[in-house]
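*Asks:* Use the sequences and the hints to build the structure in full.
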Amino acid sequence: MAGSRLSRWFDRKGWSDLIVGAPYIWLLVFFLLPFLVVVAMSVATKTSTAPPISWGGEVPLVSWEAYARVFGDGLYLRAFLTSVLNAAVAMVLCLLIGYPMALGLVRVAPAWRNILLMLVILPFWTSFLLRVYAWMGLMGRNSWFNGMLTDAWNVLVPVDWAVRSIPMMNTNFAVVLVMVYTYLPFMILPLYASLERLDPTLDEAAMDLGSKPARVFWDVTLPQSIPGIIAGGMLVFIPAAGELVIPTLVGNASSPMIGRVISDEFAQARDWPMASAVAVVLLLMMVVPTMLYSHFQARAEGSK
Amino acid sequence: MKRRPVFLITMLAFGFAFFYIPILSMIVYSFNESRLATVWGGFSTKWYVSLFSNRQVLAALVLSLKIAFISASIATILGTMAGIALARFRAFRGRVMFSGLVTAPLIMPEVITGISSLMFFIMLAEWIGWPAQRGFTTVTLAHITFSMVFVTTVVQARMIQADRAIEEAAMDLGSRPWQVLFDVTLPVIFPAILSGWLLAFTISLDDVVITSFTTGPGSTTLPLLIWSKVKLGVTPDINALATLMVLVVGAGVLIAGIVMNRAAARASADARLAYRANE
Numbered sequence: 009m010a011g012s013r014l015s016r017w018f019d020r021k022g023w024s025d026l027i028v029g030a031p032y033i034w035l036l037v038f039f040l041l042p043f044l045v046v047v048a049m050s051v052a053t054k055t056s057t058a059p060p061i062s063w064g065g066e067v068p069l070v071s072w073e074a075y076a077r078v079f080g081d082g083l084y085l086r087a088f089l090t091s092v093l094n095a096a097v098a099m100v101l102c103l104l105i106g107y108p109m110a111l112g113l114v115r116v117a118p119a120w121r122n123i124l125l126m127l128v129i130l131p132f133w134t135s136f137l138l139r140v141y142a143w144m145g146l147m148g149r150n151s152w153f154n155g156m157l158t159d160a161w162n163v164l165v166p167v168d169w170a171v172r173s174i175p176m177m178n179t180n181f182a183v184v185l186v187m188v189y190t191y192l193p194f195m196i197l198p199l200y201a202s203l204e205r206l207d208p209t210l211d212e213a214a215m216d217l218g219s220k221p222a223r224v225f226w227d228v229t230l231p232q233s234i235p236g237i238i239a240g241g242m243l244v245f246i247p248a249a250g251e252l253v254i255p256t257l258v259g260n261a262s263s264p265m266i267g268r269v270i271s272d273e274f275a276q277a278r279d280w281p282m283a284s285a286v287a288v289v290l291l292l293m294m295v296v297p298t299m300l301y302s303h304f305q306a307r308a309e310g311s312k
Numbered sequence: 053m054k055r056r057p058v059f060l061i062t063m064l065a066f067g068f069a070f071f072y073i074p075i076l077s078m079i080v081y082s083f084n085e086s087r088l089a090t091v092w093g094g095f096s097t098k099w100y101v102s103l104f105s106n107r108q109v110l111a112a113l114v115l116s117l118k119i120a121f122i123s124a125s126i127a128t129i130l131g132t133m134a135g136i137a138l139a140r141f142r143a144f145r146g147r148v149m150f151s152g153l154v155t156a157p158l159i160m161p162e163v164i165t166g167i168s169s170l171m172f173f174i175m176l177a178e179w180i181g182w183p184a185q186r187g188f189t190t191v192t193l194a195h196i197t198f199s200m201v202f203v204t205t206v207v208q209a210r211m212i213q214a215d216r217a218i219e220e221a222a223m224d225l226g227s228r229p230w231q232v233l234f235d236v237t238l239p240v241i242f243p244a245i246l247s248g249w250l251l252a253f254t255i256s257l258d259d260v261v262i263t264s265f266t267t268g269p270g271s272t273t274l275p276l277l278i279w280s281k282v283k284l285g286v287t288p289d290i291n292a293l294a295t296l297m298v299l300v301v302g303a304g305v306l307i308a309g310i311v312m313n314r315a316a317a318r319a320s321a322d323a324r325l326a327y328r329a330n331e
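First to last, the sequence lines map onto chains A and B. Using our numbering, you'd call the opening residue of the first sequence number 9 and step up by one each time. Using our numbering, you'd call the opening residue of the second sequence number 53 and step up by one each time.
In case anyone wonders, no lab produced these hints; they're calculated from the structure. Some hints here could point you the wrong way.
What the hints assert, rightly or not - Only some residues are given here: those of chain B computed to face chain A with a beta carbon under 8 Å:
1) Val-114
2) Pro-157
3) Ser-169
Note that beta-carbon positions come from the ideal geometry of N, C-alpha and C, so glycine has one too.
*Replies:* Okay, here's the thing in structure tokens:
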């Protein structure tokens with residue numbers, strides 16, 4: 009009865025092995041292995057063959073030259089710094105705009121809430137590239153938006169400082185602005201989720217005991233929403249720090265972000281070891297905030 | 053206590069203006085007569101006409117939809133398997149590694165995923181001669197890999213909420229594990245599987261960075277076509293294309309939202325009826 013033995017084996021062990029095994033093997037082959045290739049590349053030597061790398065050939069087989077340059081050459085350190093700074097500023101701005109919005113969503117009438125929530129999510133479903141592109145139209149020198157800002161600026165400042173248009177495109181300011189625009193939903197949604205769970209009677213109790221609304225916010229609402237703040241912050245910071253599309257389209261080429269450095273090293277300079285080393289360092293840099301995030305996430309779920 | 057939260061409502065209004073003014077501006081300027089994309093020169097629909105006669109755009113759209121459909125479908129199967137495994141199989145060999153592999157693509161910067169996939173495919177071609185050239189297949193493989201983990205996240209969350217007692221009851225009544233899976237578990241988590249598929253589909257349809265690294269000559273997806281054009285600046289025909297995409301996606305999300313709201317309302321009404329019948 010080989011058939012029934014087989015089917016019993018399948019019931020007991022086979023089907024669960026299949027369910028775990030298929031995605032496991034897929035990720036090992038198409039995610040882990042490619043990443044190991046990058047790690048291997050980062051200690052290879054650049055050559056002028058195709059593909060433009062080789063491993064040793066002479067002792068020592070591995071070369072740490074690329075890593076030495078990551079930490080020795082100011083270009084790469086500056087790019088890392090620019091990325092972290094831009095991402096951090098974008099994260100803080102998202103928090104400052106997103107927090108009152110999330111709180112507003114919790115406080116509005118339930119009939120409105122679903123519609124407004126959908127309006128927060130809607131841009132997120134539309135093309136990322138086109139949302140960046142929409143700002144290229146607004147920031148350009150001849151656009152109505154730039155014109156409006158220029159007029160406002162000229163009214164507010166002394167005549168000597170008057171400008172014909174505000175240089176917005178190809179600046180770090182533009183990068184941060186567009187990052188805030190594209191990543192704001194990532195901040196609002198976790199904040200909304202954590203604020204929605206709060207018990208409104210706590211607010212009322214604090215009010216009844218004579219606290220002013222501002223005090224209630226600082227002492228009651230804000231401390232309880234910290235897991236949401238951290239989740240939102242990480243969801244903005246992590247993709248923002250490795251961003252490639254936004255700095256390429258609206259950023260300043262002379263102070264590039266690290267994503268663009270990786271892409272340029274790879275495609276333009278054809279220096280694969282260098283691109284790989286920068287990628288490995290960037291990923292290691294991402295591990296720290298991610299572990300913090302999952303730590304707080306686990307704690308938030310534990311306290312639920 | 054029932055003061056109107058004026059500050060919060062102002063911030064909401066400001067926030068929504070911030071979200072939608074750039075998109076509205078883009079829509080308005082797609083009807084601009086002038087070739088200068090940012091200077092208004094009168095109303096015209098000529099950019100739409102030129103868009104519909106542009107074979108390149110249509111071919112790119114078809115390719116994008118094909119890749120998105122195939123990759124979302126395979127990603128949904130693999131991602132659902134991984135979600136079930138993580139939610140139901142408490143201890144198996146390599147579980148820690150597995151859950152790491154499932155979260156890592158979520159935080160990996162796209163540029164690194166793109167470069168590592170490209171280097172992998174190039175080295176693979178060196179070692180075993182496949183893939184001989186990059187294009188449809190390599191893009192689809194890369195899309196499956198990074199979108200399946202989003203499906204897993206959605207399915208896993210739903211599995212954790214789902215009532216295990218139904219599955220256990222089916223087991224006790226003599227169903228075999230795979231029957232439980234197909235007759236009980238999958239129908240219960242079907243909404244999550246569907247939203248996972250939609251998520252994977254949109255992610256694939258939207259991707260620029262990973263596609264740009266893994267594609268080859270002749271395989272230009274719509275985002276890549278747009279990407280190569282917008283790098284040169286703002287043009288009215290892209291405004292028209294963007295408007296169409298925003299309207300189609302907006303209508304889709306709106307309809308999906310209404311359908312899901314109704315389904316949820318019907319489900320909770322059914323649950324109430326069931327409870328009442330049992331009382």
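*Asks:* It remains to establish, for every hint, whether it holds in the given structure.
*Replies:* Status of the hints after comparison with the structure:
1. Val-114: 17 Å, violated
2. Pro-157: 6 Å, holds
3. Ser-169: 5 Å, holds
Taken one by one, the earlier hints fail for this structure only at number 1.
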